[in-house]
Amino acid sequence: MILCPNCQYNNLDGTVFCVECGMQLSGLQPIVTQNISADNLPALERRKTATFPKDLDNWASLHLLDSGQILPLGDRTEFTLGRVSEAQPIMPDIDLTPYQAYANGVSRLHAVLKREGKRVFVMDLGSSNGTYLNGKRLTPNVDQTLNHGDMLALGKLKIQILLKNP
Amino acid sequence: MAKKPDYYATLGVTRNASQDEIKRAYFEAAQRLHPDKNKAVGETEIFLVVQQAYETLSNPARRKKYDATLPPLERSPLPFKNNIYYSRPNLVRMNEAQMLYVLLEIAPEKNKEEIPAPPLNVSLVLDRSTSMKDEKMDVLKNAAIKVMRNLRPQDIFSVITFSDRSEVLIPASYPHDKRRLESLIQMLHPSGATEIFQGLQAGYNEIQRNASHERIDHIILLTDGHTYGDEQQCISLAEHAATKGIGISAMGIGKEWNDVFLDTLASRTGGSSRYISRTEDIQRFLIEKFETFARTLADNVVLEVKNTPGAEMAYAFRTQPETGPLPIEESIHLGPVLQDFNLNVLFEYLVDPSLTKQDQVTLLRGQLKLSIAGLPTPAQPIAIEFSREVRKEAGGEPPPSIIIQSLGKLTLYRMQEKAHVEVKQGQFELAAQHMKQLATSLLAQGERSLARTALIESENIAKMQSFSEEGSKEIKYGTRALIMPQEKELPV
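Which chain is which? The protein sequence lines are H and B, in order.
So the first sequence is numbered by our numbering: it starts at 7 and just counts up by one.
So the second sequence is numbered by our numbering: it starts at 16 and just counts up by one.
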């Protein structure tokens, strides 16, 4: 049996598309996280620096699962995540509006990512729909340690955390 | 300019036919075509060719002389090849049933010199019931005249009109006097009810008189209404026509016709059914159909099926050239192979766990029978086998992209099929929910207008416990058209 991750329908083995909801069940390219050591790849590194000057300093990237896009973070130690809307006093550092933030229930100021030394934390900022770390809802305003590959959900917007030095 | 007819083709016999066979073929043709029974001008000439053929072939000396003028009999390989794709590299040994998808592809050879369009033997069966009056009838007449004008001297053409009875407007004949044929078509005027069987029967009679492997024998039915009470007769006739190599395609105009019925009718013969939502599209669709005939490489492609017990062929669908579900039967009529387009059919198999005890499972042993357009005798059947090894583990390879692509779109089509079944069974909530799911999936694929229709139908089901005639057809033929790899723009 294959359990459809979308609608929980039990499909017969060998099914390619869920017969209940039409979701593709096999043949999807799995998302592979790779750590590339830049030291051994001088050519690659040069090219990368050319396009992203701050790349060397970034300590984490956000992998937006729905769109498959990867957002590298800059060299600051703290980023607020949320969405920009009109008449809003404090803007988030990272605006998730282009990634269907509104439809997914992301608050204007939803959560914050912080780095302290080698450790990385996430804190929910009292969002309406909550922040989930690997499926567990976070208590608002409490730091929670993040590890490489953790799944974060702001409301329903799923983000995988990719750390530079896990 | 018309080249000399092939006498063997005219009589429908092979080159090495005995005198007896030739005689029999001639008598049989003479009975059908004798001038005493004829009405049309062109028809007598069909008979004259038969007469000539017999006179030549029945005399051994003349036959020998005639044979010498023929090009050598080609024993060339078939002008296409077939490929089989499977959704998995192997079956898995397990205690529960599993699915396997198989795609049969018949691909014409590329880069050959241009193949002449095969001669036609086509009958238009036109609905002239009262509902066809005014604009619809005018457009229909013009469309019929347009395709008639494009006929070549070697084509055989007939027109039947029907309401509650049928009338042979143009008997099967060569289109010698196109002006006269045109005036005949112009005389059509609407009255009466719709009884499809009357029309089909008359169309069949016209076609079968000249049916041959060499020609494209096809009935095109155009209707805008429901037929009452004669559906079963129609389908029996279609099944019979299929055994004679005669195809039926149906075009439904507007929303008031029975799509399930016309689909069944056409699919029995390997033909296609189409939904014409706007009257002005009649001509385009009719011309397209004739273009398909002209591009036909092989006709009457039939898959004779012998499934292994335990391997159930649960679903069969032609994804191209003309998309549509196929009936699951012992001989499945697959429709034509075109010169420039693959014929693809997707099969869904439900494999019983008992079969996986073996190391190798043959799901289907069958053969492909067909006639090459323009050749008088059917081609040598091709053996087809669907077979998979059984292993402990599923292979890691993803299904081939050709299967993913067709199956992905087919899944949408099947969701609406499912909703229809559920409505019939009274499970309205479920049906409405599935239509909503379909709307979401359609939206995800960028099919906005179709998604909107699906959503409206979902509401219709929830409120009125049924689909609307129009929306249901739009979604059915709309999702079906998606399966077709980006060929032509769809009517919206």
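A few of these clues could be false.
Partial chain B-side listing against chain H, Cβ under 7 angstroms, derived [claimed, not checked]:
#1 ALA40
#2 ASN110
#3 MET114
#4 MET430
#5 GLN448
#6 GLN452
#7 SER483
Below, simulated BS3-like cross-link-like pairs (lysine-lysine); rule was C-alpha separation at most 27 angstroms, straight line [as the list claims (entries may be wrong)]:
#8 LYS148/B <-> LYS161/B
#9 LYS170/H <-> LYS142/H
#10 LYS162/H <-> LYS304/B
#11 LYS164/H <-> LYS451/B
#12 LYS270/B <-> LYS321/B
#13 LYS304/B <-> LYS148/B
No lab work stands behind these hints: they were computed from the structure.
None of these values were measured; they are calculated from a predicted model.
Built from N, CA and C at the ideal position, the CB exists for glycine as well.
Problem set entry | Interface hint compliance - GLN448/B to chain H, C-beta minimum distance less than 7 angstroms | Since chain H brings no Cβ nearer than about 10 angstroms to GLN448/B, farther than 7 angstroms, the hint is violated.
For this session: Quickly compare the C-alpha distance for LYS270/B and LYS321/B to 27 angstroms and report which way the hint goes.
Result: Given that 27 angstroms is the threshold and the Cα spacing comes to 38 angstroms, the pair is violated.
Exercise. Measuring from the C-beta of MET430/B to each C-beta in chain H, is the shortest one below 7 angstroms?
Worked result: holds, 6 angstroms
Exercise. Is the hinted pair LYS164/H and LYS451/B satisfied, with a Cα-Cα distance of at most 27 angstroms?
Worked result: Distance ~24 angstroms between LYS164/H and LYS451/B Cα, so the pair holds.
For this session: So, ASN110/B near chain H? Judge it on the closest CB pair being under 7 angstroms.
Result: Status violated, d = 10 angstroms.
For this session: Take a quick look at whether LYS162/H and LYS304/B sit within 27 angstroms of each other, Cα to Cα.
Result: Since the Cα atoms of LYS162/H and LYS304/B sit roughly 49 angstroms apart, the hinted pair is violated (cutoff 27 angstroms).
Problem set entry | Pair hint outcome, LYS170/H versus LYS142/H [Cα-Cα no greater than 27 angstroms] | holds, 24 angstroms
Problem set entry | Interface hint outcome for GLN452/B [beta carbon to chain H under 7 angstroms] | With Cβ-Cβ at 5 angstroms, under 7 angstroms, it holds.
Exercise. Is the shortest C-beta separation between ALA40/B and chain H less than 7 angstroms?
Worked result: The hint is violated - ALA40/B has no Cβ within 7 angstroms of chain H, the shortest such distance being about 50 angstroms.
Exercise. Regarding the pair LYS304/B and LYS148/B, is the alpha-carbon distance no greater than 27 angstroms?
Worked result: Roughly 24 angstroms between the alpha carbons, so the hint for LYS304/B and LYS148/B holds.
Exercise. If you take the shortest Cβ to Cβ gap from SER483/B to chain H, is it below 7 angstroms?
Worked result: violated, 22 angstroms
Exercise. Hey, does the MET114/B contact hint survive, CB to chain H under 7 angstroms?
Worked result: The hint holds - MET114/B has a Cβ within 7 angstroms of chain H, the shortest such distance being about 4 angstroms.
When the structure is compared with the earlier hints, violations turn up for hints 1, 2, 5, 7, 10, 12 and for no others.
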